[in-house]
Amino acid sequence: MNFSDRLLNWYDKNKRTLPWRNSQDPYKVWISEIILQQTRIDQGLVYYNRFLNAFPDVRHLAAASEDEVLRLWQGLGYYSRARNLHRAARDIVEMHNAEFPRCYQDWIRLKGIGPYTAAAIASIVFKEVVPALDGNAYRLLARVFALSYNKDSSKGKKQFLDVANQIIDTQRPGDFNQAMMDFGSLICKPALPLCPECPMNDICVAFQNDAVAGYPVKNPKRPVKIRHFNYFRITTYDQQGNTLLYIRKRKENDIWKNLYDLPLLETAREASPEELFKHPWWKSLIHCQNNYTIFRHPKQRIHKLTHQTIKAKIYYVSVDAEHTRTLNKMFFAVDFERFEQLAKPRLIELLNWNADNNE
DNA sequence: AACACGGGGAG
DNA sequence: CTCCCAGTGTT
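Sequential numbering of the first sequence, starting at 244, is according to the working numbering.
What the hints contain is simulated information worked out from the structure, not anything from laboratory work.
Errors might be hidden in some of the hints.
[Claimed, not checked] Taking lysine-lysine and the DSSO-like style, the derived pairs with C-alpha atoms no more than 30 Å apart in a straight line are:
id, residue 1, residue 2
1, Lys572, Lys554
2, Lys500, Lys464
3, Lys464, Lys526
4, Lys542, Lys554
5, Lys494, Lys461
Let's have the full structure, built from the sequences with the hints guiding it.
If you want it as structure tokens, here you go:
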């Protein structure tokens, strides 16, 4: 029995039950594929259900604001997925009369849709015979066929795609692709794969050569960048005596683009309170040194991400309402309830911005 | 081809 | 700690 038959036999007995499976609804499959990019199913599932509930179809998604979409994405990471998803929804509604593409070549034109996602949707929903290669599929193919190129190299991409095109089941391309992922996730796992009970072990070249640990071939990892974020929780009071918090929307092409956070001074090295409060940035913010109160002991938090470690401190500052003119130019003041509703980085949530003081 | 982009779970 | 997850976009 060949690879494809073994795979589908295993899949028919062991496939996971997932809310978008067998739905044949391009919208649901699309949303699930975007949410699951670089995201484990356990983590993405709750977001998928919330998302479908808030935006039941592409017209609802297109009608929403980007802020609303990002708020639902809060905490999931890789926020360009949400921005691109929203953009694609508007393109579908406005340019294609809310009708979804029907083939790989049309799907991949949309924002946020790359080779993997276009193939996944086209094969699952429209039965197109195109391999959808995610991390699971790459690992499975690398081991069974002892593919020795890195999947990220141009040679590797071609090699993996060539092999997949030869073995893909032309009658059940969608099941084949999903089977590769389930199998890779449950049997051919990254660490400690279940080789003894694997139905492929007698045809797996890596296993036969006792070389499973050598596949897939990975590229060297980049060093983690360390960044120092000095946040300022600046509050003032309005005429009614309500506490207002100064915030901003991140616009830079940097981490957390279009999410909201607090006034931030990033420094190359760890900075003392003295350095920060004599910094031109701070002095330009609040001219009169006598009209604000600083709590000198900042809260600290180390936020570890895949490619960077952010060492964050948050200083609590209270400013008299008469001296907020410059502040009002660079930031805007909202009450806590309003800020709660805006999309924020996980770090900001965890920094306890809404606590009354830091004593 | 290299890099940027989050957050969390597993071992 | 390290690895990596249903990858894509930009340079």
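Now for the hints, and whether the structure bears them out:
1. Lys572 to Lys554: Measuring from Cα to Cα gives roughly 27 Å; hence the hint holds.
2. Lys500 to Lys464: Given pair Lys500, Lys464 holds - Cα atoms ~24 Å apart, limit 30 Å.
3. Lys464 to Lys526: Distance of about 40 Å is beyond 30 Å: violated.
4. Lys542 to Lys554: 11 Å, holds
5. Lys494 to Lys461: Status violated; Cα separation ~34 Å.
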